[in-house]
Amino acid sequence: MSVASYSYQIQPQRVRQEFVRLLPISLFVVAFGAAFGLAATQKGLLPLEALLMSTTVFAGASQFAATDMWGSEVSILPLIAVVFAINSRHLLMGASLYPMLKDVPPAKRYGLLLLLTDANWAVSAQDYQNGKRNLEVILGGGLVLWLAWLVGTWLGVYFGGLLQNPKSLGLDMVLGCFLLAMALGGKKSPRVLVAWAVAALASLAAWKWLPPNTHVVVGALAGGVIGYFWLDKKPVSAAAEGDAA
Amino acid sequence: MTIETTTAGVLALIAIMTVVTLATRFGGVFIMSFVRISPRIESFINTMASSVLIAIVVPMAFAGDLGAIAALSVTTVTMLALRKPLPAIAAGIAAAGLVRYLT
Numbered sequence: 001m002s003v004a005s006y007s008y009q010i011q012p013q014r015v016r017q018e019f020v021r022l023l024p025i026s027l028f029v030v031a032f033g034a035a036f037g038l039a040a041t042q043k044g045l046l047p048l049e050a051l052l053m054s055t056t057v058f059a060g061a062s063q064f065a066a067t068d069m070w071g072s073e074v075s076i077l078p079l080i081a082v083v084f085a086i087n088s089r090h091l092l093m094g095a096s097l098y099p100m101l102k103d104v105p106p107a108k109r110y111g112l113l114l115l116l117t118d119a120n121w122a123v124s125a126q127d128y129q130n131g132k133r134n135l136e137v138i139l140g141g142g143l144v145l146w147l148a149w150l151v152g153t154w155l156g157v158y159f160g161g162l163l164q165n166p167k168s169l170g171l172d173m174v175l176g177c178f179l180l181a182m183a184l185g186g187k188k189s190p191r192v193l194v195a196w197a198v199a200a201l202a203s204l205a206a207w208k209w210l211p212p213n214t215h216v217v218v219g220a221l222a223g224g225v226i227g228y229f230w231l232d233k234k235p236v237s238a239a240a241e242g243d244a245a
Numbered sequence: 001m002t003i004e005t006t007t008a009g010v011l012a013l014i015a016i017m018t019v020v021t022l023a024t025r026f027g028g029v030f031i032m033s034f035v036r037i038s039p040r041i042e043s044f045i046n047t048m049a050s051s052v053l054i055a056i057v058v059p060m061a062f063a064g065d066l067g068a069i070a071a072l073s074v075t076t077v078t079m080l081a082l083r084k085p086l087p088a089i090a091a092g093i094a095a096a097g098l099v100r101y102l103t
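Going down the list, the protein sequences come from chains G and Y.
Read left to right, the first sequence gives residues 1 to 245 (the numbering used here).
Read left to right, the second sequence gives residues 1 to 103 (the numbering used here).
Honestly, the hints are just simulated from the structure, not real lab data.
For clarity, every value in this text was computed on a predicted model and none was experimentally measured.
Where hints are given, some of them may not hold.
Claimed, not checked - Heads up, simulated DSSO-like pairs for lysine-lysine below, C-alpha to C-alpha not over 27 angstroms straight-line:
hint: 1; chain 1: G; residue 1: 188; chain 2: Y; residue 2: 84
hint: 2; chain 1: G; residue 1: 188; chain 2: G; residue 2: 132
hint: 3; chain 1: G; residue 1: 102; chain 2: G; residue 2: 167
hint: 4; chain 1: G; residue 1: 187; chain 2: Y; residue 2: 84
hint: 5; chain 1: G; residue 1: 167; chain 2: Y; residue 2: 84
hint: 6; chain 1: G; residue 1: 187; chain 2: G; residue 2: 233
hint: 7; chain 1: G; residue 1: 43; chain 2: G; residue 2: 167
hint: 8; chain 1: G; residue 1: 132; chain 2: G; residue 2: 208
hint: 9; chain 1: G; residue 1: 108; chain 2: Y; residue 2: 84
hint: 10; chain 1: G; residue 1: 132; chain 2: G; residue 2: 233
hint: 11; chain 1: G; residue 1: 188; chain 2: G; residue 2: 233
hint: 12; chain 1: G; residue 1: 43; chain 2: G; residue 2: 102
What the hints assert, rightly or not - Residues from chain Y shown here face chain G by an in silico Cβ test under 7 angstroms; the list is partial:
hint: 13; residue: 2
hint: 14; residue: 6
hint: 15; residue: 8
hint: 16; residue: 19
hint: 17; residue: 100
hint: 18; residue: 102
Ideal Cβ placement from N, Cα and C applies to all residues, glycine included.
Between the sequences and the hints, there should be enough to build the whole structure, so can you do that?
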């Protein structure tokens with residue numbers, strides 16, 4: 001463990017390619033950012049405050065939830081609980097990228113994670129399932145998504161009236177459709193399908209009976225348990241690497 | 001405990017949100033750096049990875065309106081037929097817009 005070898009080299013050219021690859025989806029993120037900017041100013045945040053929040057937090061659903069709690073004062077513990085619960089899926093997403101991230105020096109590893117969000121993670125995770133190592137999309141894709149989120153927020157706080165009802169255009173479904181397309185594009189074996197069924201049922205049960213915003217983590221962990229007990233028959237090359245290290 | 005939404009207060013609230021979100025972005029990887037990745041753990045995190053997507057999307061369909069259901073169904077059908085994400089996403093969003101326009 002003391003001799004660290006970091007074999008993953010981030011290729012600048014591929015970072016640019018991934019930036020362009022996520023450009024189409026980031027246009028939808030602009031619209032979503034505009035919806036946030038509008039909602040934030042309606043709840044009493046100043047334009048610059050909304051922009052600062054989008055810049056540093058960069059996690060849409062939790063930002064919407066936080067502005068719902070806005071008033072002349074904001075209770076700290078409920079705010080922390082809601083932001084943590086909504087963003088706790090990042091814990092699992094980061095963990096799932098660890099087999100690749102361990103081959104990157106710690107400073108770069110945590111630098112990349114600053115840009116971790118659903119869309120670029122979904123692409124990277126799907127590529128990994130298909131045997132391709134792709135951290136470039138976390139960086140390049142993350143950058144274009146972050147810029148789109150900022151541009152969108154900026155448009156929303158100043159020109160929010162242009163997009164009064166993003167729902168009527170179906171824009172609230174962008175992320176759902178994107179993530180679903182990513183899931184369906186991945187490898188499907190009986191093992192994966194059983195895990196998905198368990199994940200679906202567990203997340204629905206958690207959504208119905210457990211505290212709000214816990215369903216993603218509950219469902220994902222339940223699906224993971226299937227993978228823990230039901231191993232793929234053929235040896236996974238990445239696992240062999242892990243053993244050799 | 002509450003924070004007033006004065007300028008300094010808002011900055012503090014945004015800082016708190018940033019730190020909490022950062023903890024979730026860093027935490028999973030930080031914890032994994034102490035875990036020895038056996039084939040079983042590898043299988044766990046791989047299965048968990050695609051289960052995250054299902055755990056986000058399925059409750060979305062159940063909580064959503066007719067437009068949401070249309071969007072996710074059309075995305076599924078288009079994705080399975082064409083195997084290309086962008087047309088599948090575009091068709092899904094268009095379906096949501098259309099259903100909401102009609103209902």
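Handout entry: Restraint check for residue 187/G with residue 84/Y, where alpha carbons must lie at most 27 angstroms apart
Key = holds, 14 angstroms
Problem - Distance restraint between residue 187/G and residue 233/G, which requires alpha-carbon spacing of 27 angstroms or less - result: OK: residue 187/G and residue 233/G at ~14 angstroms, within 27 angstroms.
Handout entry: Agreement of hint residue 19/Y with chain G interface, Cβ distance less than 7 angstroms
Key = Constraint on residue 19/Y not satisfied, violated at 9 angstroms.
Handout entry: Given pair status - residue 132/G, residue 188/G, alpha carbons within 27 angstroms
Key = holds, 16 angstroms
Handout entry: Agreement of residue 102/G and residue 167/G with the hint, judged by alpha carbon distance not exceeding 27 angstroms
Key = Violated. Residue 102/G to residue 167/G sits at ~40 angstroms, over the 27 angstroms cutoff.
Exercise for the section: With a cut-off of 27 angstroms on the C-alpha distance, tell me whether residue 167/G and residue 84/Y pass. Expected result: holds, 24 angstroms
Problem - Minimum beta-carbon distance criterion (7 angstroms), residue 2/Y to chain G - result: holds, 4 angstroms
Problem - Closest C-beta approach of residue 100/Y to chain G relative to 7 angstroms, hint status - result: holds, 6 angstroms
Handout entry: When the least beta-carbon distance from residue 102/Y to chain G is tested against 7 angstroms, hint result
Key = violated, 11 angstroms
Handout entry: Holds or violated: residue 188/G to residue 233/G, with C-alpha atoms at most 27 angstroms apart
Key = holds, 14 angstroms
Exercise for the section: For the pair supplied as a hint, residue 43/G and residue 167/G, confirm whether the alpha-carbon distance does not exceed 27 angstroms. Expected result: holds, 19 angstroms
Problem - Satisfaction of hint between residue 84/Y and residue 108/G, Cα-Cα up to 27 angstroms - result: Roughly 32 angstroms separates the two Cα atoms, so the pair is violated.
Against the hints set out earlier in the document, violations occur for numbers 3, 8, 9, 12, 14, 15, 16, 18.
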